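Trainee: Protein chains in written order, with this note's numbering: chain A, 1 to 244; chain B, 1 to 244; chain C, 1 to 244; chain D, 1 to 244; chain E, 1 to 244; chain F, 1 to 244.
In case anyone wonders, no lab produced these hints; they're calculated from the structure.
Mixed in with the good hints, there may be bad ones.
Which copy? The list can't say, so a pair holds if one copy fits it or any two copies do.
As the list claims (entries may be wrong) - Once the Cα atoms are required to be at most 25 angstroms apart in a straight line, the calculated SDA-like pairs of lysine to any residue come out as:
hint: 1; residue 1: 231; residue 2: 17
hint: 2; residue 1: 231; residue 2: 191
hint: 3; residue 1: 231; residue 2: 159
hint: 4; residue 1: 231; residue 2: 241
hint: 5; residue 1: 221; residue 2: 69
hint: 6; residue 1: 231; residue 2: 152
hint: 7; residue 1: 231; residue 2: 38
hint: 8; residue 1: 221; residue 2: 128
hint: 9; residue 1: 231; residue 2: 157
hint: 10; residue 1: 231; residue 2: 170
hint: 11; residue 1: 231; residue 2: 12
hint: 12; residue 1: 231; residue 2: 26
As the structure is a computational prediction, the values presented were derived from the model and not from experiment.
Number of protein chains: 6
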Amino acid sequence: MRILVVNVNTTRSMTDSIAASARAAAAPGTEIVGITPPFGAESVEGNLESYLAAVAVQEAVRTYEGEYDAVVQAGYGEHGREGLQELTTCPVVDITEAAASTAMYLGHRYSVVTTLDRAVPLIEDRLLLAGLSARCASVRASGLSVLELEQDERRAVEAIAAEAERAVVEDRAEVVILGCGGMAGLADEVRARAGVPVVDGVAAAVTVAESLVRLGLTTSKVRTYAPPRPKRVVHPVAPGQPGR
Amino acid sequence: MRILVVNVNTTRSMTDSIAASARAAAAPGTEIVGITPPFGAESVEGNLESYLAAVAVQEAVRTYEGEYDAVVQAGYGEHGREGLQELTTCPVVDITEAAASTAMYLGHRYSVVTTLDRAVPLIEDRLLLAGLSARCASVRASGLSVLELEQDERRAVEAIAAEAERAVVEDRAEVVILGCGGMAGLADEVRARAGVPVVDGVAAAVTVAESLVRLGLTTSKVRTYAPPRPKRVVHPVAPGQPGR
Amino acid sequence: MRILVVNVNTTRSMTDSIAASARAAAAPGTEIVGITPPFGAESVEGNLESYLAAVAVQEAVRTYEGEYDAVVQAGYGEHGREGLQELTTCPVVDITEAAASTAMYLGHRYSVVTTLDRAVPLIEDRLLLAGLSARCASVRASGLSVLELEQDERRAVEAIAAEAERAVVEDRAEVVILGCGGMAGLADEVRARAGVPVVDGVAAAVTVAESLVRLGLTTSKVRTYAPPRPKRVVHPVAPGQPGR
Amino acid sequence: MRILVVNVNTTRSMTDSIAASARAAAAPGTEIVGITPPFGAESVEGNLESYLAAVAVQEAVRTYEGEYDAVVQAGYGEHGREGLQELTTCPVVDITEAAASTAMYLGHRYSVVTTLDRAVPLIEDRLLLAGLSARCASVRASGLSVLELEQDERRAVEAIAAEAERAVVEDRAEVVILGCGGMAGLADEVRARAGVPVVDGVAAAVTVAESLVRLGLTTSKVRTYAPPRPKRVVHPVAPGQPGR
Amino acid sequence: MRILVVNVNTTRSMTDSIAASARAAAAPGTEIVGITPPFGAESVEGNLESYLAAVAVQEAVRTYEGEYDAVVQAGYGEHGREGLQELTTCPVVDITEAAASTAMYLGHRYSVVTTLDRAVPLIEDRLLLAGLSARCASVRASGLSVLELEQDERRAVEAIAAEAERAVVEDRAEVVILGCGGMAGLADEVRARAGVPVVDGVAAAVTVAESLVRLGLTTSKVRTYAPPRPKRVVHPVAPGQPGR
Amino acid sequence: MRILVVNVNTTRSMTDSIAASARAAAAPGTEIVGITPPFGAESVEGNLESYLAAVAVQEAVRTYEGEYDAVVQAGYGEHGREGLQELTTCPVVDITEAAASTAMYLGHRYSVVTTLDRAVPLIEDRLLLAGLSARCASVRASGLSVLELEQDERRAVEAIAAEAERAVVEDRAEVVILGCGGMAGLADEVRARAGVPVVDGVAAAVTVAESLVRLGLTTSKVRTYAPPRPKRVVHPVAPGQPGR
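Take these sequences, add in the hints, and give me the full structure.
Mentor: Below, the structure is given as structure tokens:
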């Protein structure tokens, strides 16, 4: 089985580390293909960049030339999953949603610890839309940007674990979700500090995608995610890229 | 005062008719500038096209070279308003939300009558996110596509009025919203048939934008809609268009 | 266009200052008529007084002898708007609702800063009923009564700005609403202190009323706000006033 | 123990029949005092009349000269209970709320069958405000006005029972509430027809009031229902009545 | 009238004190029968024990050999009420629900103060299921176990009153519920400290049960609480007890 | 990895067919152990039987003598999952919840088709408690009992497919869940008829359990699902079984 794991930003090193997380969670026999979108921002931290990412991910999947069995969208709290579901009948799994539904099996309420304060409302909105917010205790910001997370792992663990502990004590969370693709490697330390299970969205999403494929389940095409109707569409391109 | 009214599809004749509706609703002294996005679909009827529209509208506003006081996003149920709010401090008004909050002044519950069945969940999701769904009685589809609406006005009125009447009787709506930019001209006939006030989103949005400008109110920059952080971003372009 | 702006308490100086706020927000050509109800309390701070105000405002509008195009009910969090909607086909705009729906265009969540602690539940209830509470971050009390607000503007600004700042930091509000008709003049100072847009309900309501009139929209008469059925009604009067 | 049972309309024969229902439900030793408000409508069927009733009931209780242990407000879906709670420390029980909380002990979901279509949103709103709507399956209108109910009992039973049956089958109600003070005598017949328990609000409210008194429970005065603050208030009077 | 008041744990002294509370609240002529279940835990503090209690209470009621008019399930936040409702047509009243619906008559919002932190989610879930959580300000833990409550009344009052005061000030509760069967005797002291009405679930439930019986209301048998269908069932027994 | 799949009724042939479904969905290397509870009903169709099942399943797992990595509770809409989570640190997966969270990846809204009308509220309540009801379009009854399903497969397919089609057309479901352990073999036919993905809870739950085990995730022990506190507990037994 081949799963496309699509990063939402244009930083190839992050695609690589996301793909590595995905491979670590995948079952034997699952091939993970990491994909970097053709345009967009080097890190996604807001609505403008997130909408850009949604379309860049769409373009990356639309123009991918091989076969695949499922798609994982690997940006926490980002727009776009619904568009991919129209593009393909394969299962499409967003890491925000996979993390939340996984966490809900493990405790009464979960919290998300993410990067910057400005990302919090985006994540809250995605959980609300996905129908997964009823058991969400809180979404908390560590105050670190996506790129800072990458640069100073020690500081990242400190900041994230501190918020995770607050989530458990003050917000009554019983499970913590790492709310950024770049946090994957920190799960063990945060778990040790906060004393609750810690869910990484990329790992969770890979197992969900594998399960859906194994069960032969595909995206419903009856209404919301029906294929686009035939019509004239001008697709955007990355500058410098020849127009298609 | 100058208001940019941005169509979400690439059909210039629809931009023109939307701008005409906007002008009909505008106060004396308000200049309406109709804008057609640089890429995207000729009509937007689904998530894939709607995400594309979000970014195309963003690009259109980002690269607009004049001054403006407010932006109206003129696609019913579409993605993207949040991104525009990061781009500018001017008020940004989505016609879906303007129609809903206007309707709520006029009756206890409102219904939306839109185009195709597949658009219904998109509209429901936008209203949910906007926090305007508590008084929504239903979103109903007329079964006509955006382009069919344009072509056969008689049939359009019949289909829309029939759903409006069902909304009033079966769903207990007291106000009806025309849930498509292309329906603007039909308000009077639908009102006559359904016996309730009929709200057109473009007209409503223009008056909201004017009011916000007049009151000196601008988008809050404190968190969700703060300007994008400085970083490397590759912007998409329309093919054939020289890269920027 | 003539808009009746009806105070909810019997203090004429407050009617005057509300009418002045309304005039400052009104478009050229809009005539604002300030009205003081014929009975009730000198300030409205609780349910008992608020119900009394509802009926006093009804009586004031019912017995108003001129023509008018819209009614603004200028008490924050008060009962009564639904009754006025039965009385007239003109648009009726409550300042609580106008402030909330205006604030929702400007930020992800809004907070209200009002007078006394006891007013908080009334305001929460009105927002819930109006279907505008989903994006309400909090309703906070400054601890000052309506009349104290009038008497010591410096202290009022301090108390309100302090709560506005807490709303932004602790409750994650991105917009603040001044939750009392008597706070209108303080918007600029509170905005400067809290760093977010500040909405005054009277100003917001006037622009909403003007917009509804301009769009030719009237209250739906199909069910909830149908005119009262013909029947024997004994109207109350102010003591000393000759019975009608 | 003495319970004031206050009608919301000015029709004395309805006060009498409500008081008779109350007496039938009361425990030995409970004295029921039926009260007719000093002004208002002969039947309450809409917001305007309901607000009028709220104040008329307030005035009736405020000026009642005897002692009492509890107040029952005997209008279904009407405004005003919160005001009475400020006026007295005695328990105040609204029949809408007593009926709903009683019904919730008897089945998974309940429906209300009321008079005219226009009363439905008022009742829905009162249940929402009271926090009792989560288990409400529907509010249905029989199509009969309050006075028609009085005049033709056979037709009333038919109309109400038909809606009760629909509520059970279509809306999945398991209990039916008679949503009008004037329906009290019809409970047995409706129960026989619909095959589910039928709750009459007046009877339910009397037992709730008795229980609260017996348990020594009084209205909380800590915030929402604190006594009105001392201030100048002009109370309305019925015309012809000497001013106080 | 005879009411079975069924303890949820196997500690007979707690059954006795619960029955004493019930008798103190009962009307003259009501006979209270305290019942201890045949198996289960000596105190119920978690889901495992609560499910065990649900079945033990079922078995106790199923095999009770006398007549009875109503059943009160006297464990706060426990499972099982729905099962009892299938077993009998008599009213079944859970003390969690009786306390909440009683509290809602007395103030705008209520809080529950219970024993251990781990009981909080169980209580929240029961209130959610019962449709009584909309006006719940908080559920707070005193940190004392059920048996500690019994042993040191002074410490219990301190701990409970401290949480009750926090509920009033921080969570804006206006009424406090004692969230444990064993707390009944502490109501007066907690009320004095917190300054708000304090509701004891056992007392409230007894008056509700009496009222339902007096009004001739029985559990709806139309769907959810229909009697079990005839089938082979192996009932569990307490070890040592001869199999039936 | 070994997964205990615990039936909720005492019919061994149903345990066998559930275990067969589980094995068909399991990955290579997963051992499925089917377990029949020691007491309870031959089919579970109501709250009384469901509570009994909860405890019987608890007893079965508590006294299971081998090792295991996860538990699947294989009864649709039944009580008890929370109790099992206290008993073990292994993941515990309820098929109701696994089906719902799986369905939410495949379409905008899902419906459940179950057996008897009386099961509908139980399922609705479990979904509400699990925080998975926001995207539930409806729970529909086929009208067949659990045992009828077993006996006449043709009739079962007809009845279930008819409800599935109604769910898609009338309730706007885009995915259908088979809401009974005994329906597993019918998925292909129902999918063909209804034209949407069909999710079987047992298969879904097995893949969820495998994923949680593979990711090293265990139940949070921090609050709700902490192990039972040490205390005297009398466990029930099946009659004839020697007391422990």
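Trainee: Determine for every hint whether it applies to the structure shown.
Mentor: Hints, verified against the model:
1. In this homomeric assembly, residue 231 and residue 17 come within 25 angstroms of each other (Cα to Cα) only across copies, at 20 angstroms, whereas the closest approach inside a single copy is 38 angstroms.
2. Within a single copy, residue 231 and residue 191 get their C-alpha atoms no closer than 50 angstroms, and across copies no closer than 30 angstroms, so neither meets the 25 angstroms cut-off.
3. Only between protomers do residue 231 and residue 159 lie at most 25 angstroms apart by alpha-carbon distance; the minimum there is 23 angstroms, versus 49 angstroms within a single protomer.
4. Taking the closest pair of Cα atoms, residue 231 and residue 241 come within 25 angstroms of each other both inside a single copy (23 angstroms) and across two copies (21 angstroms).
5. With identical chains, the CA atoms of residue 221 and residue 69 are at most 25 angstroms apart within one copy only, with a shortest distance of 16 angstroms there and 36 angstroms across copies.
6. Taking CA atoms no more than 25 angstroms apart as the test, residue 231 paired with residue 152 passes between copies only; the shortest distance there is 19 angstroms, against 48 angstroms inside one copy.
7. Taking identical chains as interchangeable, the C-alpha atoms of residue 231 and residue 38 lie at most 25 angstroms apart whether they share a chain (24 angstroms) or sit on different chains (16 angstroms).
8. With identical chains, the CA atoms of residue 221 and residue 128 are at most 25 angstroms apart both within one copy (22 angstroms) and between copies (23 angstroms).
9. Taking the shortest Cα distances, residue 231 and residue 157 sit within 25 angstroms of each other only across copies (24 angstroms), while inside one copy they are farther apart (49 angstroms).
10. Taking identical chains as interchangeable, the C-alpha atoms of residue 231 and residue 170 are never at most 25 angstroms apart, the minima being 52 angstroms within one chain and 29 angstroms between chains.
11. Proximity of residue 231 to residue 12 under the C-alpha cut-off of 25 angstroms is restricted to the inter-copy arrangement: shortest distance 15 angstroms between copies versus 34 angstroms within a copy.
12. Taking the closest pair of Cα atoms, residue 231 and residue 26 never come within 25 angstroms of each other, the shortest separation being 38 angstroms inside a single copy and 33 angstroms across copies.
Going down the numbered hints, you'll see the structure goes against 2, 10, 12, while the others check out.
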